[in-house]
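Since the structure of chain A is provided, determine the placement of chains B, C and D on it from the hints.
Chain by chain, the residues run as shown.
There are 4 protein chains.
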Amino acid sequence: MIIAIKQGSPTEEVRLFAKSLEEKGVQVHFSEGVSQTVLGLVGDTAGIDAESLSANHLVEKVVRVQEPYKRANRKFHPDDSYVRVSTPIGGELRIGDGFFSVIAGPCSVENREQILGIAESVKESGAGFLRGGAFKPRTSPYSFQGLGVNGLELLLEAKKQTGLPIVTEIMDLNQLDLFGDIDIIQVGARNMQNFTLLKELGRCGKPILLKRGLSATINELLMSAEYVMAGGNENIILCERGIRTFETYTRNTLDISAIPALRRQSHLPVIVDPSHAAGLSWMVETLSKAAVAAGADGLIMEVHNNPEKALSDGEQSLNPSAFTNLMQTLKKYIELEGKKLRIEE
Amino acid sequence: MIIAIKQGSPTEEVRLFAKSLEEKGVQVHFSEGVSQTVLGLVGDTAGIDAESLSANHLVEKVVRVQEPYKRANRKFHPDDSYVRVSTPIGGELRIGDGFFSVIAGPCSVENREQILGIAESVKESGAGFLRGGAFKPRTSPYSFQGLGVNGLELLLEAKKQTGLPIVTEIMDLNQLDLFGDIDIIQVGARNMQNFTLLKELGRCGKPILLKRGLSATINELLMSAEYVMAGGNENIILCERGIRTFETYTRNTLDISAIPALRRQSHLPVIVDPSHAAGLSWMVETLSKAAVAAGADGLIMEVHNNPEKALSDGEQSLNPSAFTNLMQTLKKYIELEGKKLRIEE
Amino acid sequence: MIIAIKQGSPTEEVRLFAKSLEEKGVQVHFSEGVSQTVLGLVGDTAGIDAESLSANHLVEKVVRVQEPYKRANRKFHPDDSYVRVSTPIGGELRIGDGFFSVIAGPCSVENREQILGIAESVKESGAGFLRGGAFKPRTSPYSFQGLGVNGLELLLEAKKQTGLPIVTEIMDLNQLDLFGDIDIIQVGARNMQNFTLLKELGRCGKPILLKRGLSATINELLMSAEYVMAGGNENIILCERGIRTFETYTRNTLDISAIPALRRQSHLPVIVDPSHAAGLSWMVETLSKAAVAAGADGLIMEVHNNPEKALSDGEQSLNPSAFTNLMQTLKKYIELEGKKLRIEE
Amino acid sequence: MIIAIKQGSPTEEVRLFAKSLEEKGVQVHFSEGVSQTVLGLVGDTAGIDAESLSANHLVEKVVRVQEPYKRANRKFHPDDSYVRVSTPIGGELRIGDGFFSVIAGPCSVENREQILGIAESVKESGAGFLRGGAFKPRTSPYSFQGLGVNGLELLLEAKKQTGLPIVTEIMDLNQLDLFGDIDIIQVGARNMQNFTLLKELGRCGKPILLKRGLSATINELLMSAEYVMAGGNENIILCERGIRTFETYTRNTLDISAIPALRRQSHLPVIVDPSHAAGLSWMVETLSKAAVAAGADGLIMEVHNNPEKALSDGEQSLNPSAFTNLMQTLKKYIELEGKKLRIEE
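Chains as they are written, first to last, in the numbering used here: chain A, 976 to 1320; chain B, 976 to 1320; chain C, 976 to 1320; chain D, 976 to 1320.
Only chain A is shown next, with the shape it has when bound in the complex (with noise of 0.2 Å):
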């Protein structure tokens, strides 16, 4: 960190500022210029805040040369991490390594016949896990909430009748204890800052898919995974689903850059939800090439076996035979990025 203090500081001010940082655990280098001096903060400065610094009447500017995350941070773990997933047959799927994963399946659970239906049918076509909202944060009151509960059972007996694991999303931490045979816990993004949710997340001990809010930096979404890593528990999937723009003709904007950004920032996998970024089905699969091409290790998708019909996010979802094209045009690039659909169990 190295702070720059404003021109005609008093001296003995500055030398005072400067120990009372060192007593923050940091060590300071003091660099007098003749018209600028500059302190360089040495060590841990993750815990130190910029913001707070700036309020000193000394300070001209703060600036962050080290990244705020440790645990998500690539400099301090250079090779790529991977999650590992059991399936129910004993065998075990991953994320990341290697490994392109597509997780498929209705943005809401419906009914019976309709989530078994689309399980059976994406995992025919290749995808590697089931998604299936039960509890659905929804913009207005007067939309389907899901099926809650009920919508987890029927995600597991999908699972147990297709060996697909299974990705559904967390709104509350009091519904934790219901996500013990869940695979990978979704945080949405409207919950990517959702602290409290975060640090209880940090304690258990399954996978998080940590999904990028609408309007959040690739620095605050690392910071969101530091505060899950931070309480123990590493297993987290970065994912990009598109960002809040001025653009209207897509849902949202999706970002391509931050699959290479947070690559090159950190070590956890990155994959891409492609219909929430569009919100238009046609556009799916283009946008599914790119992803694969930018380097992402799996995408998330929304499949339903009636589109017309569903209950939420209609105008986004594949239906079943578009998303088997998909998986053959998929296949080539994933191919050529020498990556391997999925693992041999």
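Heads up, some of the hints might be wrong.
Intra- or inter-copy, both count: the list cannot distinguish identical chains.
[Unchecked claim] Here are the simulated lysine-lysine pairs, DSSO-like style, with alpha carbons at most 27 Å apart:
hint	residue 1	residue 2
1	Lys1050	Lys1036
2	Lys1181	Lys1098
3	Lys1284	Lys981
4	Lys1284	Lys1036
5	Lys994	Lys981
6	Lys1036	Lys999
7	Lys1181	Lys1050
For the record, the hints were derived by calculation from the structure and aren't laboratory data.
Quick look at chains B, C and D alone, frame taken from chain A:
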């Protein structure tokens, strides 16, 4: 709600589609033009999901004419509503209803001396409410997270000493039991779409200060208010606190237009947080004046006895003498707007 | 300018790099810490390209402490500057210097009757300047493009009749010869970074009203002012007119913080365009009041005798009686700010 | 175009309003529901200004169903169009039509040795076109502004030597005479809505490379193409180069979705500029691969023989060996998309 049908759609299919809509409890008016068929939906369309309709292959475009919120909507409640807060000494403060409310205090409660000192000081300068964070949502897990329960106790001690009602943030619904003696529960920007929390707050009768999310539209803020109101709690205060844009000079961009927009669309009182919007203490007074002139019903701002040593948000906190000056200046603007600074008790 | 050097960089290479910087005319102060070497650049760094420096393999981060603009910078010109405009009857109007200037008129000049009528009307209500578009930048080539030269002539006729100085937009430097009798040349938001035009305007002595681009930062707006000033023309009026964000309720988002920000960074007068910012006529008065309270030196707004029949921007134009009411209201706020509505001639 | 009429509007007034619309050359279909009257406009609505209609006191909402662009619209030109460029040696290169075009070269032409060296180098690696700036739009008036006419001459010398057609930026219509031997005229992001320039380019027959503005919507980019096409010049290449968002990790945010969106809405070829989008040379290859996979017809990117000493944009320029590697990698992705890297001459 208006649905434009794609050109060339078979008439019979369109009629069946219209029928399926009527089964959802609305009336459908059919308008066939030479090249454009339009369906007009009449009745309670709040529960109809525009996005799901868009997935239908017959649909070109769906346009909502009616807002999707009802209880928060000025159309169904033309008069301004206001929120009542009982004072410890038996009086009543109103937020809205021609009164201008100033809520002031530190970002975080740090210790007994700090919070009691600031409370006395802001009261003397004319603040009507004391704010202070006990549970703090911080971007970094390594930053100060607040004093928690002890912080709440210190706030209640300050309330006892000064008579100022307390505004403080809830981060999770499990904390709700601790907020029994808190006067106004704040929902922070990062929790604006924590729908589980909003539903729970709908069941308690306390005033809720609902902050706009960093990238939430005006419509989404009102939908979040609707979540609380749908549960039966209509004591909502809306708060504009700056949105995230490309500009980095300020921490966020204060959306001053949100004040007249919210007041036109809704009957709920609207206040402004100039401290978080700007992130710069020297700009708080100017933005406060602008907020009064734009029709706000109040302000919530950060005041710290020693901003340079604040454990959080020092850069945007006023010191007590700056706050006193600000209040002197504001009084003239509040008067010009025909409002009273605080209720006579 | 501060340059943080990458850890582990060979000392000899860093010294050569520092030498190459000194050849660009700045002094380089060297600060070697245990783990962080920092170079401090002193002198005129405005011509040094931070981005090019960042390409150097030794560089970790480049931070500008000094602003890259000089003539527009308040640091080198602590007092407010103002712009003088001669009136046809021999007097002088000032923009800035304690005067509050209101520039009003239609989006487009449509015909003789329209512009003369509006000119008389806004003068009577207290406007100090007449605006009206002769050359119109329209998103669609099929929209009305303005009356061109005829429009300028009609504006000059209105000036003759009312004595109001004229503000109108230039779209290309080839039009400059036609602007000989125009009092203030407006550069529109879409031309804020038309650097060829800015340079040409730097060579003419006329006052320039420079509008902020839709996605221009405060820093970029000041750099565009610097382009004109570097050519020798220091008669610049800055104009905040709303920026593009995700919010769609308003046409743009008025960045009210830009007023105090520009006034702190620069000595140039700052005005606000509430009509384009909101795009909603009913919101203009509220935003105008907020702009006065935030310290603006004036307003530019759209007034049309018959907004419903306007050839452009009808939705955001006031009718004359609404403008009269607005001026009555504004006077009190202008007075409270210690400003005078217009110079005594 | 659909116009929802406000509830309670007098029928007679609505009929008069409808009649006034018919006088603008469209047919109006009338649909009176119980609580909602809707007018459907049929015919050529491109010249009708939705905003002006919104000013009418009878109007609740105006919705455009038809796009406001015609010549750029795929609906009226279902097949892909392409742009032909003659090579100095008598052949023809096509942009679009199944060919993938790579345009490479330095940000600025700096001197003879530099541009000739880079031209040879990028040709050898497989680039089909040489780019290089002679007139440079720079944010600061104190930055290097380009070699101007001399730069153009050096580009033409490089063309003679290598046979590569030239792409370079025009900053003002007065420069047009100098572009006689330039093959493709680039309109920069900051000039995307310089309508005077666009109209002039509509009168020349040369291919135009039109870059998307920093905050321009997809619709606005197509309207700017329409400006050129309305003048008779249909040789347009659209270019996505990143939009401005809140994210600061990258210089801009590459809107990868713009590729499929533009290709669906328009028949014009679409290329991508990964250098300006990211502003980080190490990210260029990844984004290039993603652009190919998303369906782009080509790439324009910055290559410099010595990025660390570049006079502009060094941070985002590749060196020649990185470019060679990138081209090797890209070939496989281009092939997978069923495209050819360049036309057989």
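Could you check the structure against the hints above and give me the numbers of any it violates, in ascending order? none
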